Amino acid sequence: MRGRRLAIVVSTAGETGDLEAAFELAGAAGAAGAYVSLFFMSDAVAGLPARRAVIAELADDGCELAVCAASAAAAGLGEDDIGLPLGGQDDHAAMVSRADRVVAFT
Amino acid sequence: MILVVVDSGDADRVSEALRAGLGLGLRGDPVAVVLTGAAARFAGGADDPRIERALRTLAELGRPVEVVDHADLAGRIQRARAVEVWTSGGRSAAAAAMSEAAATPPVRRLRVGGAELEIWPEPPRFRRRADGASGAIDAADLLAQILASDGPIVVS
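If you read the sequences in order, they're chains W and C.
With my numbering, letter number 9 in the first sequence gets -9, and the count goes up by one each step, no holes.
With my numbering, letter number 108 in the second sequence gets 662, and the count goes up by one each step, no holes.
Everything labelled a hint here was simulated from the structure, so no lab data went into it.
Here the structure is a predicted model, which means the values were calculated and not measured.
A virtual CB, placed ideally from N, CA and C, is assigned to each residue, including glycine.
Mixed in with the good hints there might be a few duds.
These stretches of chain W come out as covered by chain C in the derived footprint (C-beta under 8 Å, 3 or more residues) [said to hold, decoys possible]:
#: 1; segment: -9 to -3
#: 2; segment: 1 to 10
#: 3; segment: 14 to 23
#: 4; segment: 66 to 75
#: 5; segment: 80 to 86
Quick list of the computed label-pair ranges, beta carbon to beta carbon [stated by the list, open to error]:
#: 6; chain 1: W; residue 1: 58; chain 2: C; residue 2: 695; range: 35 to 45 Å
#: 7; chain 1: C; residue 1: 674; chain 2: W; residue 2: 35; range: 20 to 30 Å
#: 8; chain 1: C; residue 1: 604; chain 2: W; residue 2: 58; range: 15 to 25 Å
#: 9; chain 1: C; residue 1: 602; chain 2: W; residue 2: -15; range: 37 to 47 Å
#: 10; chain 1: C; residue 1: 684; chain 2: W; residue 2: 60; range: 38 to 48 Å
#: 11; chain 1: C; residue 1: 602; chain 2: W; residue 2: 58; range: 14 to 24 Å
#: 12; chain 1: W; residue 1: 42; chain 2: C; residue 2: 674; range: 26 to 36 Å
Just chain W, with the same shape it has in the complex (with noise of 0.2 Å):
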């Protein structure tokens, strides 16, 4: 597993649990050795503030994370909020085009 690529895409509410389904894989993707990526948008986003905890421990372990801005934006969320950068579409394009394998909470 080391090396390989993982993508994975959460666009749903946290109330769903698909946030921390999300997290829980990429913990345990981070562990094995391999690359992990996440996206947030939609109504995922709105959910991260209250999980920058664990965010920032993704981080650290290598993971690379990204928000769509038009979401954070009409959430009335910004980069200090959420403790992440905000991106793009883009982001979410370059994610999963590079990825071995995708797993998508949308």
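Position chain C against the provided structure of chain W, taking the given hints into account.
What follows is chain C alone, placed relative to chain W:
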């Protein structure tokens, strides 16, 4: 091929799914967007300017959105490299197309290879149903299945 399956009757979710379908093509990968289930009624835009604009743009890019039924959907999913199924957060028609298994919303289904797993909102999140009961699956084991699979991963 990256396949975006829109399977929601909610205009906001459909609009976001179409935005994702447009965005995923930015790196030159082939992308197909299909409407199924409750989303089929949005094929003409349904008087939502966001949806109408996205449908028009996708068509102008040579990637017109198609309406597919469950029978077509399973084949398209199998031929895709990656799949995003956009739902309203609950179980989708795509899940029904991929499985005969009974489901209780809002439990999600994750299809990897020939196996179908459940994703629950609370721990243990990843479970395999056998003999009428759900057994927990470690995230590391699930990851191994995902990375070893030779087909797309479908969460629906």
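Discussion item. Checking each numbered hint in turn, tell me which of them this model violates, lowest number first.
Written reply: Every hint satisfied by this model.
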